[in-house]
Amino acid sequence: MSWNIYLPIAGASVNIFLLLGLGGAVGFLSGLFGVGGGFLMTPLLIMAGIPPLVAAASDSNQIVAASTSATYAHYRMGNVDFKMGILLLIGGVVGGALGVQLIHILRSMGNADFVIKITYVVMLGVVGFYMFMESLQSLRKASMAEERVEPSKPSLYVRTVQALPFQMKFPKSGVTLSIFLPLILGIFVGILAAIMGVGGGFIMVPVMVYMLRMPMHVVVGTSLFQILFTCVNVTVLQAVENHTVDLILAILLLLGSTIGAQFGARLSRRLKGDQLKIILASVVLLVMFQMLFGLILSPSIMLAYKGGH
Amino acid sequence: MNTRNGVRFVFILILTLFVTSLSCSLVSATSRDLKLNPSEIHIREFFQGASMTITASVPPQALYIIEIKGESHAQELLRKGRRGGLWMNVGEVKVRAAPSLYLMLTSETGDLLKKDIGPDFGYAALKKVITFSGQLPKNGSDMLFDQFLKLKENQGLYGIFPGAIKVKGKGTEGQKIEGKVDLPCNITPGSYQVILSVVRDSKLLEQEITEFTVEMKGLPELLSTLAFEHALFYGCLAVIIAIVFGFLMGFVFGGKGAH
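Top to bottom, those sequences are chains A and B.
Residue 161 is where the first sequence starts when you use the working numbering, and the numbers rise one by one after that.
Residue 6 is where the second sequence starts when you use the working numbering, and the numbers rise one by one after that.
If we strip away everything but chain B, and leave its shape as in the complex, we get (with noise of 0.2 Å):
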């Protein structure tokens, strides 16, 4: 009876051991911390744009992706073609579920990146979800795909950033990344989600999310309320000063007029 007691008391001690261990090692796999600096955007008068550092713990050995996405908003955009050997706007394409900001930053480059991501991330997720109506070019919409990331890229809103995160302080026991993205001056106000993916053999280990903010303060916060929600009066005010300025120019520059 005592050798039974003693066998079972091994045994659970065992299971009990290997269960603490298997969910210690899963805690240490997890990504933790994912942290924003800074953590909200303020738009001032002198707003030329912001570097943002993002930082996790995460899992040793694996792929690292960070995409920041803004809110998505129908936009309408004119394609150009040509007419009678000339060109020009040719018709209006409304472009749907669209970001209005899209960045990714990877720790790997190149192929392997290409290999391991596969069509879940980055340009190639998009063209899932982004839709064209209106008038499409004969050859569809494939090229308009093309040239709307072309477009966006320009403006610095879309952006792949292949190694741009950074692998710190390596361990078992997980490891800190760092990634540094430079956020455009033409970057609207509103609400982005930034999304950690840990990648592992082409297969997504876990995902965090977290959200920051883009808001205007002070004068522009102030001039945007009065354009948007007091229009009438916000066009008179632009049409007085115009006028006022004119005239004290011309007070301060009249001389001697001819009569």
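Extracted from the complex, chain A is given alone in its bound form (with noise of 0.2 Å):
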């Protein structure tokens, strides 16, 4: 018996096993560090023959079953702001939406595509090569023996920050900040997120880290919870502008990425926060590199169909 099943969206036969596997192994990811997936599942379903508009539809739909039962899990151990959260989901959206006027700008200046690749690859070395030492060193430190902490005085970005106005305590990230900070910056990582046709995730949570100054933990479960709203979004607006959400795929995704998203989230608890950045810091340069090898290597064929990340 074959283990082909038909998506009826994407007009391609795909084994049910591989589509399961894939599912599984983003959402393991996805609870792990709080990230949507959508930059890795993306493109391993254009090359299992997705056509790359339902791979990217169909994907936004299984992250917010992987998302919605990450979060859950986040929850019941206490790590979602949900006050942070909302004030980067209000920032995320109006930045989502000047990125797509951006991008409307480039496209007819002919150099969209440009912009878009050098900041996928710029955006991913940065964030993956500073997570990645900052990490290392933290776990350095830690491992030698008690070093004496001495007070050291503020730097300018906390002056400045603790400067701004209208201040507000966000008691389960154990910070007090302005309120504009997190919407800035949530504008910030939705113009990224338009241009790059990402949820943006990855960058969230460096810029949650080391911008909002958030524990690693309540970091994963905040950004899983901004990213299920987006991706609510994304997908309605998928199916109905371009009717390129495949249910079939989307449920065979979910099914393994729920369930992978569980595994990861109980992995997350027992990792430290420096162990997690430096895994995830490391699939983030991964990606960076297969990315710039894909632009460096001449391609086999130099006709491709429109769509995807």
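Hint data in this document are derived by calculation from the structure and do not stem from the laboratory.
For every residue, glycine included, the Cβ atom is placed at its ideal position computed from N, Cα and C.
Zero decoy hints are in this set.
Quick list of the computed label-pair ranges, beta carbon to beta carbon:
{"hint": "1", "chain 1": "B", "residue 1": "Phe233", "chain 2": "A", "residue 2": "Arg319", "range": "54 to 60 Å"}
{"hint": "2", "chain 1": "A", "residue 1": "Val286", "chain 2": "B", "residue 2": "Gln140", "range": "27 to 33 Å"}
{"hint": "3", "chain 1": "B", "residue 1": "Phe166", "chain 2": "A", "residue 2": "Ile250", "range": "57 to 63 Å"}
{"hint": "4", "chain 1": "A", "residue 1": "Ile176", "chain 2": "B", "residue 2": "Gln140", "range": "37 to 43 Å"}
{"hint": "5", "chain 1": "B", "residue 1": "Lys181", "chain 2": "A", "residue 2": "Leu178", "range": "39 to 45 Å"}
{"hint": "6", "chain 1": "A", "residue 1": "Ile176", "chain 2": "B", "residue 2": "Gln160", "range": "20 to 26 Å"}
The task is to assemble the complex, starting from two chains supplied on their own in separate frames and drawing on the hints.
Here's what the structure looks like:
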């Protein structure tokens, strides 16, 4: 008996276990790091023969399930800062709308793809490298004998953040910040996510860690909460505007990803924040190198279908 | 008078026999019974493509060509090129008059095939009708046509299969041919033409055309109808299923939370 199933919107026949496995692996990463996993899943689906637009839209649909599953798991562990998540979400929606306009302008100038690809490689490279080095240093320090911690002067960034108006307490994250900061950073991530065509989880996580100074475990849960709403919006829009959501594909992926996300969330609880960061940084750097090779090596076919990340 | 009548009778008889024999030979040279098995393709839940057998009665000693063509729709593609030393999409290209599927089977192979069919069949014939517009490369659309074929062949939607038609039951009154073709799983629902051409000495002797349809049935049909005709409902349904699954898995794997 063959284990292939026909995907009516994708117009392709794909092995059931391949889709369950892909969903499981990416869902695991999602639960572990608080990223949606779109930057990994969509290229993998395209490689499996799914048209790019259908791959991206159906992936958004399965991320809704994975992020619901993982957000619920993190909520039970007390890792979701709803107040911070809502502010970032508002900023993200505004930034997404601005980013879409920016893409229109770039397309009319004929440079859109160049800007998208370069932004992708630079962002992945900078985020991945910085997170990797910083986590490595922290792990080394932790393994050394107890160090004398001397109180140091707060940095310029910290002083600037403290000087901003409308300071608000975020008890779950243990920080006090101006409400403008998550809003502005949400807009920034929203613009980048729209340009790069991804949910933005892998940019949002470092932003929360390094700029909002939130603890890593709360970052993961809060990021997933925000991703859930972003992907609900994207799924409905893709279904209505482009008719590209394949329900059978999404269900098979989400069957794998919701289970994978649970295991990822459990493992994230066992690992230290720095360990989580260094693994995520490695994944981000791997994707960056894969993308860089794709840009350097000449493609076998000089034409491609529209759509995808 | 009798002799005259006799000569006239013999002349009419000979003429009748000649016309009858000529019409008989013409009938025997006509291809008939172009049959497809199956004659309809149904896309169901576990569809993986379909194997189709095409049979026909044909006149002897000729080259036989079977073309399977899908409907033509405009397609938008992205052209790749180099910018700043890096490969990326550099422009949109619109392709017109390209069939959604083009498979060609022939009874002959190699050089004989090229010499006999000329530019009227196969990719050479497609090249005459397919047009490209938009952000074309500086060296014209020739390169684009080759790349377009490569893209379609990679998907199994275009292909040339020399020697795929087998001749069976040779005889003076005609013979049978049989061609087998694998239709790919990414074939789109719609109407398809099967064209049988008989070529002798580089001339088209005759052509017969039949059609078959590809339709979705069962769950694929239901989902496709929902996705295209009730898009908002379909989108909301997709989100609700995803959220319910997410929570369900959360409960199943829930265990003890921190709080």
